[in-house]
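Enquirer: Below are the chains, spelled out letter by letter.
Protein chains: 2
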Amino acid sequence: MSPHFIRRKIPITIITRIFPFPSLPCYTVSMLNPTMYLNSIVLVQYCMSSISNMETALLGLLSERPMYPYEIEKNVWEHDMRYWTEISLSSIYKVLEKLEKKLLVDVNLTVTDTNKVKKIYSITEKGKKELKERIVEIMSELEVSIHQIDLALANLSILTTEEVNEVLGKYLKSIDERITCYKELEKYLLEHECAVGNLALSKRRQFLMKAEREWVISFLDEFNTESGEESNE
Amino acid sequence: MSPHFIRRKIPITIITRIFPFPSLPCYTVSMLNPTMYLNSIVLVQYCMSSISNMETALLGLLSERPMYPYEIEKNVWEHDMRYWTEISLSSIYKVLEKLEKKLLVDVNLTVTDTNKVKKIYSITEKGKKELKERIVEIMSELEVSIHQIDLALANLSILTTEEVNEVLGKYLKSIDERITCYKELEKYLLEHECAVGNLALSKRRQFLMKAEREWVISFLDEFNTESGEESNE
Chain A
1 MSPHFIRRKI PITIITRIFP FPSLPCYTVS MLNPTMYLNS IVLVQYCMSS
51 ISNMETALLG LLSERPMYPY EIEKNVWEHD MRYWTEISLS SIYKVLEKLE
101 KKLLVDVNLT VTDTNKVKKI YSITEKGKKE LKERIVEIMS ELEVSIHQID
151 LALANLSILT TEEVNEVLGK YLKSIDERIT CYKELEKYLL EHECAVGNLA
201 LSKRRQFLMK AEREWVISFL DEFNTESGEE SNE
Chain B
1 MSPHFIRRKI PITIITRIFP FPSLPCYTVS MLNPTMYLNS IVLVQYCMSS
51 ISNMETALLG LLSERPMYPY EIEKNVWEHD MRYWTEISLS SIYKVLEKLE
101 KKLLVDVNLT VTDTNKVKKI YSITEKGKKE LKERIVEIMS ELEVSIHQID
151 LALANLSILT TEEVNEVLGK YLKSIDERIT CYKELEKYLL EHECAVGNLA
201 LSKRRQFLMK AEREWVISFL DEFNTESGEE SNE
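Chains as they are written, first to last, in my numbering: chain A, 1 to 233; chain B, 1 to 233.
Note that these hints are calculated values from the structure, not bench results.
In this text the structure is predicted, and so the values were computed from the model without any measurement.
There could be a bad hint or two in this list.
For chains that are exact copies, the list does not tell them apart, and a pair is met inside one copy or across any two.
Calculated cross-link-like contacts (lysine-lysine; reagent style DSS-like; alpha-carbon spacing at most 30 Å) [to be verified]: (1) Lys-119 to Lys-187; (2) Lys-210 to Lys-116; (3) Lys-119 to Lys-101; (4) Lys-102 to Lys-118; (5) Lys-173 to Lys-128; (6) Lys-102 to Lys-74; (7) Lys-101 to Lys-128; (8) Lys-98 to Lys-119; (9) Lys-101 to Lys-183; (10) Lys-94 to Lys-203; (11) Lys-170 to Lys-128; (12) Lys-98 to Lys-210; (13) Lys-132 to Lys-173; (14) Lys-129 to Lys-102; (15) Lys-187 to Lys-210; (16) Lys-129 to Lys-173.
Bound-form chain A, shown alone (with noise of 0.2 Å):
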């Protein structure tokens, strides 16, 4: 047994099935790259749409109602956004900036109430387009990217079986603490009266939490199983 995943190679085939990253032509951007390996998920991403994320967060905002800058910023604000999604309040302007270049917001100038002349960003025909085909495409396929757990139990043979089996501990106390926020965070929504789009949010991660919670008691189970058998022999 090798420390590491295993000493022979996995066939390529098996592994480009389950991340199939190299059949992307984008995937040579990264390469070129190397500080942009680390983006390489969020790139293939970018390149699989003609729109971001960012863009798509924004879109969906301007798709409610037009809005003034400030009316975005607050928006982003108030749903916290940046926790979700990967926006900030610092690139709402550069977003939009490219958003007009691309044709899908329109960009018109208002007089407010008290006689000041303001820009406002309305959603076109081709950005409620361009919006609702990526909100298909992140819909139509489930996302797969990488863990940082997987990095440690590459690495498990350096923990002594009691060392294994305390850090799981603390890693499931932190499961536990994480499903009470979102379940905190699901009554808040309810209460509100959130879409069932909405409320998925905190249910979403609720279901993928207690499965993380039931691996690593199956984990520790077949762990502590083969250690006991190794210390046997």
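Given the coordinates of chain A, work out where chain B should sit on it, guided by the hints.
Expert: Same frame as chain A, but now just chain B:
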């Protein structure tokens, strides 16, 4: 009901307990440079420890035995490491240099069988200590990251009931395909008598994907019930 999340802000206390970024000192790093925001999760994780996941991956390899650079490359390739951790073949030398500067690896010159002088890398005591610390750190706390499906779910109102059912049907199909792949990987790893830690790469994902499957089914059930009620009103 709002098409986006909820109109009122989620109390910051709930959201920061779920995504505890702002409390970390390095959070400010990502705020200073908007282009770095996409990397914020990676950054946060990077800042928490003194070594990055790429450095951890290479230290893990060298913890087995000292290696020539071409052996390291061969291992990264043969263990398909670029698919399950953030490493690319092109970044190996840069990372080795960093590890050398941090005194985590030693570089020695050796004479090979064919009388050539070659560099050989070995892990130092300090390197072993940091590797272990990082592995313990990763395994002590659940990783919470951004899932792009949340972005689609927040914009669900732009799709019709039929469209939601159709795309989530495809999503279910893609989950099933991945589960099949991971089962195949598990079989392969078992046949090659892989350690229990390495087997977990395929087993853990199966737990998560089955949970994702259950979530989709429960979500569709809830969504269709709500849509049915609305159309009857």
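Enquirer: Hint by hint, note whether the structure agrees.
Expert: A quick look at each hint next to the structure:
no.: 1; hint: Lys-119 to Lys-187; result: neither (38 Å within a copy, 59 Å between copies)
no.: 2; hint: Lys-210 to Lys-116; result: neither (53 Å within a copy, 55 Å between copies)
no.: 3; hint: Lys-119 to Lys-101; result: within (15 Å within a copy, 52 Å between copies)
no.: 4; hint: Lys-102 to Lys-118; result: within (21 Å within a copy, 53 Å between copies)
no.: 5; hint: Lys-173 to Lys-128; result: between (43 Å within a copy, 27 Å between copies)
no.: 6; hint: Lys-102 to Lys-74; result: within (24 Å within a copy, 44 Å between copies)
no.: 7; hint: Lys-101 to Lys-128; result: within (15 Å within a copy, 51 Å between copies)
no.: 8; hint: Lys-98 to Lys-119; result: within (16 Å within a copy, 48 Å between copies)
no.: 9; hint: Lys-101 to Lys-183; result: neither (42 Å within a copy, 46 Å between copies)
no.: 10; hint: Lys-94 to Lys-203; result: neither (33 Å within a copy, 42 Å between copies)
no.: 11; hint: Lys-170 to Lys-128; result: between (46 Å within a copy, 22 Å between copies)
no.: 12; hint: Lys-98 to Lys-210; result: neither (40 Å within a copy, 38 Å between copies)
no.: 13; hint: Lys-132 to Lys-173; result: between (39 Å within a copy, 21 Å between copies)
no.: 14; hint: Lys-129 to Lys-102; result: within (13 Å within a copy, 51 Å between copies)
no.: 15; hint: Lys-187 to Lys-210; result: both (18 Å within a copy, 25 Å between copies)
no.: 16; hint: Lys-129 to Lys-173; result: between (44 Å within a copy, 25 Å between copies)
Hint check: violations occur at hints 1, 2, 9, 10 and 12; the rest are consistent with the structure.
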